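Given chain A, put chains B and C in place with the hints provided.
Heads up: the sequence lines are chains A, B and C, in that order.
Taking this note's numbering, I'd label the letters of the first sequence as residues 975 to 1109.
Taking this note's numbering, I'd label the letters of the second sequence as residues 46 to 449.
Taking this note's numbering, I'd label the letters of the third sequence as residues 445 to 687.
Any given hint might turn out to be false.
To be verified - Straight-line C-alpha distance at most 20 angstroms; calculated DMTMM-like pairs for lysine to aspartate or glutamate: (1) C:K626 / A:D1021; (2) C:K535 / B:E307; (3) C:K554 / B:E439.
Claimed, not checked - Counterexamples of contact, computed for chain C against chain A with all Cβ distances above 12 angstroms: (4) S496; (5) G540; (6) V610.
Worth flagging that the hints you see were computed from the coordinates, not collected in a lab.
These figures come from a predicted structure and were not determined experimentally.
For every residue, glycine included, the Cβ atom is placed at its ideal position computed from N, Cα and C.
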Amino acid sequence: MITRFLILFVLLFGFAATGVADADKSDDIRTPLPVIKITKPGKCVDDTDEMRRNHMDKILHQRDITMYDGIRTKQYSLSNCVDCHADEKTNSVLGKEGFCESCHTYTAVTIDCFSCHSDKREVKTSDNIKGKPEQ
Amino acid sequence: MKQLTYDMIKGTSFGYWTLLGIFGVLIAAGLGSAYYMETNGHYVTGMNNQIVWGMPHVFAVFLIVAASGALNVASIGSVFGKTMYKPLARLSALLAIALLVGGLAILVLDLGRPDRLIISMTIYNFKSIFAWNMILYSGFIAVVGIYIWTMMQHNLKKYNRAAGMGAFIWRLTLTTGTGSIFGFLVARSAYDAAIMAPMFIIMSFSFGLAIFLIYLIATYHLTGRPLGDVIVNRLRKLLGIFVISVLYFVLVYHLTNLYLAEHSGIERFILLDGGIYTKVFWIDQIIIGSLIPLLIFYVPVFYKSRLMLSFGALLVVFGGLAQLYVIIIGGQAYPLQIFPGMEVSSSFGDGQTGNYTATPAEILLGIGGVGIALAAATFAIKILPFLPQSLANEVVDPHSTPTT
Amino acid sequence: MSISRRKFMQAGAAAVTGAAIAPGIHLVELAQARSPEEAASTAKRWGLLIDSEKCTAGCSFCVDACHTEHNITSNNRPETDAQWIRKVTAKDPDTGYTHYLPVMCQHCEKPPCVDVCPTGASFKRADGIVLVDKHICIGCRYCMMACPYKARSFIHEEITNQKSYVPRGKGTVESCTLCVHKIDRGDNNTACAEACTEFGNDAILFGDLSDLKTEIAKRRKTEPSRQLRSDLNLNTGVRYQGL
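The shape of chain A in the complex, shown without the other chains:
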């Protein structure tokens, strides 16, 4: 329990001053830090600080309105998050340097989303491939 708090503590402060954390990284390579690669910077949903702390609540809220009411607005949709945050190379938010997994491993918080949801950026193909399918 104490270690959890310590990790959380380090994390919050580390995030609050990312620059400092980065500097620390070069100083002390024994401290593993999460890899945060943001390929498309800019404010999409909310401020970075807000998202870092409360992304789970936003996803949870969206989860229930999508599931029960069929409201599929894009802003808080998980697949929209994945589309933007998926790694350029692996096309996924998972993996060692994946946007979600990297931090979640660091904070030792299990992600349950991707046991069912796709962790991959949706590859855009022409939506309607017409023609009679093989039988």
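Same frame as chain A, but now just chains B and C:
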């Protein structure tokens, strides 16, 4: 009259630890099986989209049903005032809790997502019998726990009768709930019967008492405590009556079903041409699990031997498992009647008898649950005074005449 | 028209967020899709009408289309593989006449799976679609015991490469969603019905059962159709003709 005193067993002998060690191995095997099933997914088991509940559920339902039945001995003493049963009340309540915990552990470990157990305990759909059962099960442990407390603490003795009554009512509700899990399933021909709930209650009497009797004889034998014939004979006769009652309910269940043309298919399947299920019904449930034990319980040559008597009770346990196998798995194997009167086929097994072969992992998970129950009970009698020092005839019944 | 207007008003009241949308547009395009911000409402009830007389042996375009749409793949273990829709062959042993028909979740008005689910993961959406909330499904399979149509599949092994709009995962139960993602984006059709119309025999018709102007409602009113296991009185959203 000799004083009735309870105490803990010493539990320091090599034999005691060996026994606990064996139960530990069973538990480890069960947990290992559960881990294997969860990491690979349920395709490594015999269960599939037609037979969705398999061997783990046979064991789990058996233990849960037996749990409420094990409490019966205590209820006869405290609720119905039969003093002879009173010395057995503590052990009876202990076994009830232990068996229930074992059964529930199996159910939970078989879930597709056991990691979400917390959801099943925090989000309820009150239209679901299953959700009600979760409340009934956890409540049962609490109610019986209080009952044990009133038996063990002197200044709480005055509440003993009330606690016993509460536990008795709760256990009847619990078994009704367990039976209703099946009885309310209108979709399947085998379960569409209101008699399921009362039948489960009478089954619980039989299974619970059988386990109680085995456990009693074994512990008193192993700890060298006196166990008189008076009490053993009482329990033997009672178990005989329960076995006959279960047979009666099975008969009524099948007769009512036979009367309904709608259900003649499933009856034919179980009683005549269901292959393995017909065999399990007639040979395992009826002959080995009911008739042979009755023979043992009522023929003096057999029942005079404690070993033979325990064996008879063990056969009742076996017959109970067989009965639940027929109800749970046989009931699912019979195809759903979506198109009555038609010959149906599809890629999804429509119209075909479901295939099911229990894999070792499933059986080990079930036995692991039994291990949990036995280990819990065996450990509890070491730390709390559950067992009377003596159950000799003169202790149990002062008016008894020494038997030959 | 007055009925539709009233239903619209109910829908508007139910969906608070929907109030921001210009009501005029909806009055004109009532049969059209709702806006993304608007919640599914009881003003609609989606369903299918399947004509088993048109359905033929050997054709499986509906099954293939469904399984492609939702990326349901086989592990060559037919007893544990998921099947959301299947072709059933039903032969009358007396006459020898054979019916062919697809069977999927019947989207009951009073679904037994919803009644038995301990956590409420099985639920019916306001517009009549029966779904599994896999976020709270614990994989107990009681719904599969309760379903009279064998419509549900338990996911027996790891699944990868899910479609973003069809989350699926090991240890939970799933079944036909009536292409809820397509309905929500306003396609007004299901993959099976589309495929059957385009490539097959035009045996599956999708639509809103509560709007009397839709083709499905008209045909339900003028042509005979029946529910499977009508004795259970579940009022299924899927109905069959020619049985």
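Results for each hint:
A C-alpha spacing of about 32 angstroms is found between K626 (chain C) and D1021 (chain A), which places the hinted pair above 20 angstroms, so the restraint is violated. A distance of roughly 19 angstroms separates the Cα atoms of K535 (chain C) and E307 (chain B); the hinted pair therefore holds under the 20 angstroms criterion. Taken as a hint, the K554 (chain C) and E439 (chain B) pair is broken in the structure, with Cα atoms around 62 angstroms apart against an allowance of 20 angstroms. Against the 12 angstroms criterion, S496 (chain C) stays outside the reach of chain A, whose nearest CB is about 20 angstroms from its own CB.
With a cut of 12 angstroms on Cβ distances, G540 (chain C) stays outside the contact zone with chain A, its closest approach being about 27 angstroms. Remark: the non-interface label on V610 (chain C) conflicts with the geometry, its nearest Cβ contact in chain A lying 9 angstroms away (cut-off 12 angstroms).
When the structure is compared with the earlier hints, violations turn up for hints 1, 3, 6 and for no others.
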